[in-house]
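Generate coordinates for the entire structure from the input sequences, incorporating the hints supplied.
Protein chains: 2
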Amino acid sequence: MDHSQEFRGKNALITGGLGFIGSNLARRLLTLGARVRIVDSARAGTGANPFNLDGIAAGIDLQVADLRDGHILAAMLDGQDYLFNLAGLVSHLDSMQFPQADLEINASCQLSIIEACRTHNPAIKIVYAGTRQVYGHSRYLPVDENHPVEPVDYNGVTKRAGELYHLVGQRVYGLQAVSLRLTNTYGPRMHCRDGRLTFLGDWIRRLFTGQPIQVYGSGRQVRDLNYVDDTIDALLLAVSKKTAGGSVYNLGSPEPVCLLDLARLMIDIYGSGSYENIPFPDDRLRIDIGDYQGDYSRIRSELGWQPGVSLAEGLKRTFDYYRQYQEHYW
Amino acid sequence: MDHSQEFRGKNALITGGLGFIGSNLARRLLTLGARVRIVDSARAGTGANPFNLDGIAAGIDLQVADLRDGHILAAMLDGQDYLFNLAGLVSHLDSMQFPQADLEINASCQLSIIEACRTHNPAIKIVYAGTRQVYGHSRYLPVDENHPVEPVDYNGVTKRAGELYHLVGQRVYGLQAVSLRLTNTYGPRMHCRDGRLTFLGDWIRRLFTGQPIQVYGSGRQVRDLNYVDDTIDALLLAVSKKTAGGSVYNLGSPEPVCLLDLARLMIDIYGSGSYENIPFPDDRLRIDIGDYQGDYSRIRSELGWQPGVSLAEGLKRTFDYYRQYQEHYW
Numbered sequence: 000m001d002h003s004q005e006f007r008g009k010n011a012l013i014t015g016g017l018g019f020i021g022s023n024l025a026r027r028l029l030t031l032g033a034r035v036r037i038v039d040s041a042r043a044g045t046g047a048n049p050f051n052l053d054g055i056a057a058g059i060d061l062q063v064a065d066l067r068d069g070h071i072l073a074a075m076l077d078g079q080d081y082l083f084n085l086a087g088l089v090s091h092l093d094s095m096q097f098p099q100a101d102l103e104i105n106a107s108c109q110l111s112i113i114e115a116c117r118t119h120n121p122a123i124k125i126v127y128a129g130t131r132q133v134y135g136h137s138r139y140l141p142v143d144e145n146h147p148v149e150p151v152d153y154n155g156v157t158k159r160a161g162e163l164y165h166l167v168g169q170r171v172y173g174l175q176a177v178s179l180r181l182t183n184t185y186g187p188r189m190h191c192r193d194g195r196l197t198f199l200g201d202w203i204r205r206l207f208t209g210q211p212i213q214v215y216g217s218g219r220q221v222r223d224l225n226y227v228d229d230t231i232d233a234l235l236l237a238v239s240k241k242t243a244g245g246s247v248y249n250l251g252s253p254e255p256v257c258l259l260d261l262a263r264l265m266i267d268i269y270g271s272g273s274y275e276n277i278p279f280p281d282d283r284l285r286i287d288i289g290d291y292q293g294d295y296s297r298i299r300s301e302l303g304w305q306p307g308v309s310l311a312e313g314l315k316r317t318f319d320y321y322r323q324y325q326e327h328y329w
Numbered sequence: 000m001d002h003s004q005e006f007r008g009k010n011a012l013i014t015g016g017l018g019f020i021g022s023n024l025a026r027r028l029l030t031l032g033a034r035v036r037i038v039d040s041a042r043a044g045t046g047a048n049p050f051n052l053d054g055i056a057a058g059i060d061l062q063v064a065d066l067r068d069g070h071i072l073a074a075m076l077d078g079q080d081y082l083f084n085l086a087g088l089v090s091h092l093d094s095m096q097f098p099q100a101d102l103e104i105n106a107s108c109q110l111s112i113i114e115a116c117r118t119h120n121p122a123i124k125i126v127y128a129g130t131r132q133v134y135g136h137s138r139y140l141p142v143d144e145n146h147p148v149e150p151v152d153y154n155g156v157t158k159r160a161g162e163l164y165h166l167v168g169q170r171v172y173g174l175q176a177v178s179l180r181l182t183n184t185y186g187p188r189m190h191c192r193d194g195r196l197t198f199l200g201d202w203i204r205r206l207f208t209g210q211p212i213q214v215y216g217s218g219r220q221v222r223d224l225n226y227v228d229d230t231i232d233a234l235l236l237a238v239s240k241k242t243a244g245g246s247v248y249n250l251g252s253p254e255p256v257c258l259l260d261l262a263r264l265m266i267d268i269y270g271s272g273s274y275e276n277i278p279f280p281d282d283r284l285r286i287d288i289g290d291y292q293g294d295y296s297r298i299r300s301e302l303g304w305q306p307g308v309s310l311a312e313g314l315k316r317t318f319d320y321y322r323q324y325q326e327h328y329w
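Those sequence lines, one after another, are chains A and B. Numbered per numbering that gives the first Met the number 0, the first sequence spans residues 0 to 329. Numbered per numbering that gives the first Met the number 0, the second sequence spans residues 0 to 329.
It is worth saying that the hints were derived from the structure and are not from the lab. Each statement offered as a hint is correct.
For chains that are exact copies, the list does not tell them apart, and a pair is met inside one copy or across any two.
Derived pair list, reagent style SDA-like, types lysine to any residue, alpha-carbon separation capped at 25 Å:
hint	residue 1	residue 2
1	Lys241	Arg138
2	Lys241	Glu149
3	Lys240	Arg170
4	Lys241	His136
5	Lys240	Glu149
Note that the structure is predicted; figures quoted are calculated from it, not measured.
The structure is reproduced here in structure tokens:
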């Protein structure tokens with residue numbers, strides 16, 4: 000998609016920009032001629048990884064800061080045209096073990112950000128990284144944006160609260176804020192050290208280190224995946240189209256896949272490896288959402304987004320990256 | 000409704016029991032033979048009023064405590080059969096001015112309570128005081144429980160988060176938790192000092208003190224109201240029916256009324272007074288929900304609840320109370 004004019008010479012702030020999606024977004028924005036500022040807590044366990052900025056760090060204004068501090072936010076927002084609001088905790092499992100931290104980062108920080116925007120920079124264009132986790136168990140497939148919001152874990156509660164803060168800010172204060180409900184995103188620079196943030200990173204590390212991929216239960220659970228470049232296209236579109244303000248949009252993929260088939264595909268593309276079915280761990284099973292596939296027809300028709308990278312191609316690019324840089328990720 | 004056997008000799012904990020609904024509930028539970036413990040922060044501005052326990056204080060175990068302290072919660076929950084979870088901030092206006100406090104009390108405290116229940120008393124039966132505010136602007140009337148949840152103010156966000164914590168606790172940990180989405184509740188012991196918690200209390204004080212009732216805008220906005228005894232019936236039913244676990248239920252009234260007609264009815268029943276239409280204050284208009292009427296057919300069919308006190312009769316009883324005790328309320 001062509002974003003070539005929109006961002007040239009503009010100021011873009013990325014919260015959580017040391018993480019997987021944020022750092023890839025920073026690279027893209029630099030390519031598009033934007034000036035990029037990153038605010039990131041650099042907290043362990045969030046996916047923040049300094050190596051993610053390797054080669055571009057000199058061209059980025061990186062601020063390590065706690066987003067709970069309102070006075071820091073005012074300075075961060077000064078002069079910014081866009082806010083890519085990606086900071087947050089995404090681990091479902093961690094949210095059940097450390098629920099107050101999950102609430103603080105995902106709701107209290109988001110509230111501080113919205114309050115700072117309306118006070119210090121009400122014209123800034125905001126996109127929030129929401130999640131399909133807010134839907135909980137799918138009542139029907141594919142899941143569209145009218146599906147009931149019934150999260151099955153604490154993280155889903157707080158990600159929804161963060162999203163709602165954006166929508167209230169839009170409605171009450173006229174902020175231009177959009178939420179994208181991301182589904183599983185994968186690609187270079189994702190967290191691979193363990194399976195707390197995403198099962199896929201864990202699978203990649205296992206594949207590369209000669210361990211069998213662990214498939215929970217039957218592996219028949221359906222998921223949809225977006226290659227990170229496609230997710231970034233959606234973020235750029237959402238933040239630049241004024242008509243998007245106040246909306247929520249699902250992302251999604253035309254290639255839903257069950258986890259067993261995904262494991263087999265990964266082994267096939269990697270060229271070797273194995274998988275094993277293991278019993279669903281209790282702590283994961285009780286917050287599992289079952290099958291999921293997102294209906295992304297709203298963003299396709301309203302913003303013209305659709306994924307452009309096939310699953311096979313995306314996995315190939317991802318593996319190419321980790322072949323080169325794996326020592327920084329596990 | 001007959002709750003005579005359910006609560007006799009049982010232990011009931013009421014959070015927010017110094018407030019309007021909680022204190023009336025405490026009275027009812029004592030009548031039903033329950034042992035009542037109240038935990039309340041007694042914070043100014045929450046509706047907590049020590050006079051609300053006048054005449055029953057000796058029979059109640061009152062604990063003034065901050066619900067954010069997990070270790071206090073463990074002791075509070077010990078041996079309790081029921082939790083009437085009414086603590087919270089309900090002011091829409093305050094939530095916009097002091098949003099972090101709103102989040103802390105309505106989400107962080109509720110999370111602490113759910114975590115304490117699952118850890119220390121997983122068999123306790125819980126009812127949460129939710130609110131129709133979570134729906135935001137009505138897309139259709141009457142609003143049923145399938146209506147989208149799109150709150151228009153911060154308080155709606157945090158009350159929804161509190162509700163979702165209960166539902167996650169029910170699903171993941173097997174807690175018996177129910178949420179009632181209360182609509183405007185009125186009756187003896189409501190907060191009348193100002194209009195921050197409820198416009199109705201403000202109207203009552205104005206009526207009694209010879210000031211005109213202030214009707215915002217045209218006064219054509221529709222509301223539904225429950226007399227507090229009916230709300231208490233619903234709380235008692237919801238907490239005692241095992242089948243209710245994991246559900247949300249609207250309350251509501253067969254007598255929706257526009258605010259102008261309500262003002263006239265109040266003047267008529269009081270026997271004197273006046274009203275004036277004033278411009279809708281900006282800070283209230285931008286978070287106003289427009290018309291609202293709740294569809295309460297789910298709780299009627301599943302739990303057998305329906306309101307029993309007419310609006311005219313409820314107002315009469317309310318006025319009788321304030322004729323006697325107004326000095327404690329304004």
